[in-house]
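Engineer: Just so you know, the protein sequences line up as chains A and B, in that order.
Under this note's numbering, the final residue of the first sequence carries the number 289; numbering is consecutive throughout.
Under this note's numbering, the final residue of the second sequence carries the number 289; numbering is consecutive throughout.
Honestly, I wouldn't trust all of these hints.
[What the hints assert, rightly or not] Partial selection, computed: residues in chain A whose CB lies under 10 Å from chain B:
#	residue
1	Leu35
2	His96
3	Val102
4	Leu138
5	Ala141
6	Gly150
7	Gln151
8	Leu255
9	Glu258
[What the hints assert, rightly or not] Straight-line Cα separation of at most 25 Å, SDA-like style, residue types lysine to any residue; simulated pairs:
#	chain 1	residue 1	chain 2	residue 2
10	A	Lys234	B	Ser224
11	A	Lys160	B	Lys160
12	A	Lys160	B	Val22
13	B	Lys160	A	Lys240
14	A	Lys240	B	Gln28
15	B	Lys160	A	Val97
Calculated from the structure, these hints are not laboratory results.
The beta-carbon is built from N, C-alpha and C at its ideal position, and this holds for glycine as well.
There are 2 protein chains.
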Amino acid sequence: MGDIQARVEAALGRLLPAPEVVPQRLHQAIRYAVLGGGKRVRPLLAFAAGDLAGADISRVEIVACAVECIHAYSLVHDDLPCMDNDVLRRGRPTCHVEYDEVTALLVGDSLQAFAFQLLAEHRLAEDAAVQLEMLRILAAACGSRGMAGGQAIDLGSVGKGLTLTELEHMHIRKTGALIRASVALGARCGAMLSGDELEHLDRYAKLVGLAFQVVDDVLDCEASTATLGKTAGKDAAANKPTYVSVLGVGGARALAEELRADAQDALSSFGAKAKRLAALADFVVLRKF
Amino acid sequence: MGDIQARVEAALGRLLPAPEVVPQRLHQAIRYAVLGGGKRVRPLLAFAAGDLAGADISRVEIVACAVECIHAYSLVHDDLPCMDNDVLRRGRPTCHVEYDEVTALLVGDSLQAFAFQLLAEHRLAEDAAVQLEMLRILAAACGSRGMAGGQAIDLGSVGKGLTLTELEHMHIRKTGALIRASVALGARCGAMLSGDELEHLDRYAKLVGLAFQVVDDVLDCEASTATLGKTAGKDAAANKPTYVSVLGVGGARALAEELRADAQDALSSFGAKAKRLAALADFVVLRKF
Numbered sequence: 001m002g003d004i005q006a007r008v009e010a011a012l013g014r015l016l017p018a019p020e021v022v023p024q025r026l027h028q029a030i031r032y033a034v035l036g037g038g039k040r041v042r043p044l045l046a047f048a049a050g051d052l053a054g055a056d057i058s059r060v061e062i063v064a065c066a067v068e069c070i071h072a073y074s075l076v077h078d079d080l081p082c083m084d085n086d087v088l089r090r091g092r093p094t095c096h097v098e099y100d101e102v103t104a105l106l107v108g109d110s111l112q113a114f115a116f117q118l119l120a121e122h123r124l125a126e127d128a129a130v131q132l133e134m135l136r137i138l139a140a141a142c143g144s145r146g147m148a149g150g151q152a153i154d155l156g157s158v159g160k161g162l163t164l165t166e167l168e169h170m171h172i173r174k175t176g177a178l179i180r181a182s183v184a185l186g187a188r189c190g191a192m193l194s195g196d197e198l199e200h201l202d203r204y205a206k207l208v209g210l211a212f213q214v215v216d217d218v219l220d221c222e223a224s225t226a227t228l229g230k231t232a233g234k235d236a237a238a239n240k241p242t243y244v245s246v247l248g249v250g251g252a253r254a255l256a257e258e259l260r261a262d263a264q265d266a267l268s269s270f271g272a273k274a275k276r277l278a279a280l281a282d283f284v285v286l287r288k289f
Numbered sequence: 001m002g003d004i005q006a007r008v009e010a011a012l013g014r015l016l017p018a019p020e021v022v023p024q025r026l027h028q029a030i031r032y033a034v035l036g037g038g039k040r041v042r043p044l045l046a047f048a049a050g051d052l053a054g055a056d057i058s059r060v061e062i063v064a065c066a067v068e069c070i071h072a073y074s075l076v077h078d079d080l081p082c083m084d085n086d087v088l089r090r091g092r093p094t095c096h097v098e099y100d101e102v103t104a105l106l107v108g109d110s111l112q113a114f115a116f117q118l119l120a121e122h123r124l125a126e127d128a129a130v131q132l133e134m135l136r137i138l139a140a141a142c143g144s145r146g147m148a149g150g151q152a153i154d155l156g157s158v159g160k161g162l163t164l165t166e167l168e169h170m171h172i173r174k175t176g177a178l179i180r181a182s183v184a185l186g187a188r189c190g191a192m193l194s195g196d197e198l199e200h201l202d203r204y205a206k207l208v209g210l211a212f213q214v215v216d217d218v219l220d221c222e223a224s225t226a227t228l229g230k231t232a233g234k235d236a237a238a239n240k241p242t243y244v245s246v247l248g249v250g251g252a253r254a255l256a257e258e259l260r261a262d263a264q265d266a267l268s269s270f271g272a273k274a275k276r277l278a279a280l281a282d283f284v285v286l287r288k289f
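Please construct the entire structure, taking both the sequences and the accompanying hints into account.
Structural biologist: Written out as structure tokens, the structure is:
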């Protein structure tokens, strides 16, 4: 995992415009927002799915950088004063605190475009039609029926008591959509899997995405700001419904375990070929930050 | 022109998620930001370039909607309090005034993704590789070396006296990049033009993009808020360098005329086939709003 994280960090550093490219301040802020931190969960999932599909690592690397740029953009916009108004991210000042609000807005806007540019300008599949499908998957995951839509539901839920099903619907969009796209894109860098195989993988990704969010809610409640590198306890402070507020800490932990078991189960037909994906399901649930 | 504007309006209404799709408020705000107004200059350019290349109109329609969604997203973000803090656009309250700031942020984010989704999920060229090139062109036009970068330079220029060359460099990115992409994408919906022909078209688009901005600066200074449907005089109020502040109104008008003549000249090798593009260069310079 450390190898892949280092590889993704190096690739992002190489692919992103250099800090001296005009407009310099914007490019410096983009690099600040993307480089030097993060668990890189989405790239790890893309690599593990690519590994399962026997994909060329240089292709998966591009996909991994694209999904991480989308993730970084979403964090920068989420942290803005009009959204979560947060000052700490990955143990450092958030982008709008380190630079300014307008720059942070443009950093997010630029990173979204950059992710699509990466997928369009590098050769990622033998068949260009498969690559178009990859672009379609990422675009749908980012849009109003995916990540951005989940964010809108999240912000509309402040002070409301959501049911478990409503909470799930929100998170399937807000964090789940990009996690599913990461797995789907990584897999499509390799030999074409069958429709059934892609469905198993998508089921795995959906479960891991939900588990990720359940664990995030537990950690937000139990871990310290220093450990998380971002402000702890902010969901409760913002009166947002979370898995902990709906199920309690014990119930949320039990749900995460259940999702982990189901995710492993979704991989069963792949056997040992899926060992990296299986390890990531464990990592997502057992992580401490 | 009215026919194409109506066609684009209808296509956008059909392609954008319906207002009752979850999250409803976000989708209503997206439709508010895109539908019911605007000169649709970029769609008109895409259609004119498609006409030159003998393109299937149903393909050009998708491209036209994609570039218009990018344009609409850029207006929504530009109008935000941290950017231009504007309350009036297309004769109506801006998106963050009609809805709220967070919704406007997510409207822009969603529309950017939606534009790429349109280009990825509809068949726009016989050869999927050409379609990938179209996605690459749009992504590059939107990013930190295109529109978003131009916006960053613009905001960094407040209170500074830019030279004519610096002003041009800013506008080539800020408005020019998407106008060039509109022409390039429209043309690529049709029979493949030669490299020389694509270069002539790009030169035309670059000149029209600059002319558009020069005229915008003149109108911002001379026309009323009622005529423009957006706040007049705001560049001068914000102490931003414009073609009028650098050249005076007479100098700016003369420059627009010069750019119009050069744009017509760039089309000369196409003869009568380029008559719609030629008419649009006139429209951009002679418009009153």
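Engineer: Each of the hints needs a verdict: does it hold here or not?
Structural biologist: Consistency of the hints with the structure:
Because the closest C-beta pair between Leu35/A and chain B is about 15 Å apart, greater than 10 Å, the hint is violated. With its C-beta approaching chain B no nearer than about 8 Å, His96/A sits inside the 10 Å limit, and its interface hint holds. Because the beta carbon of Val102/A sits about 5 Å from the nearest beta carbon in chain B, less than 10 Å, this interface hint is met. A distance limit of 10 Å between C-beta atoms decides the matter here; for Leu138/A the minimum to chain B is near 8 Å, and the interface restraint holds.
For the restraint placing Ala141/A at the interface with chain B, the shortest Cβ-Cβ distance is roughly 8 Å, inside the 10 Å limit, so the hint holds. Below 10 Å, beta-carbon pairs count as interface contacts, and Gly150/A has one with chain B at about 8 Å; its hint therefore holds. With a least beta-carbon distance of about 6 Å to chain B, the hint placing Gln151/A at the interface is held under the 10 Å criterion. Nearest Cβ of chain B to the Cβ of Leu255/A: about 23 Å, over the 10 Å cut. The hint is violated.
Violation of the interface hint for Glu258/A is found here, the shortest Cβ-Cβ separation to chain B being roughly 26 Å, above the 10 Å cut-off. Taken as a hint, the Lys234/A and Ser224/B pair is broken in the structure, with Cα atoms around 46 Å apart against an allowance of 25 Å. Distance restraint check for Lys160/A and Lys160/B: the Cα-Cα separation of roughly 48 Å exceeds the 25 Å cut-off, and the hinted pair is therefore not satisfied. Taken as a hint, the Lys160/A and Val22/B pair is honoured in the structure, with Cα atoms around 17 Å apart against an allowance of 25 Å.
As the CA atoms of Lys160/B and Lys240/A are separated by approximately 44 Å, the hinted pair breaks the 25 Å bound. The suggested pairing of Lys240/A with Gln28/B holds, with an alpha-carbon distance near 23 Å, which does not exceed 25 Å. A C-alpha spacing of about 24 Å is found between Lys160/B and Val97/A, which places the hinted pair at or below 25 Å, so the restraint holds.
Hints 1, 8, 9, 10, 11, 13 from the list above are not met by this structure, while the remaining hints are.
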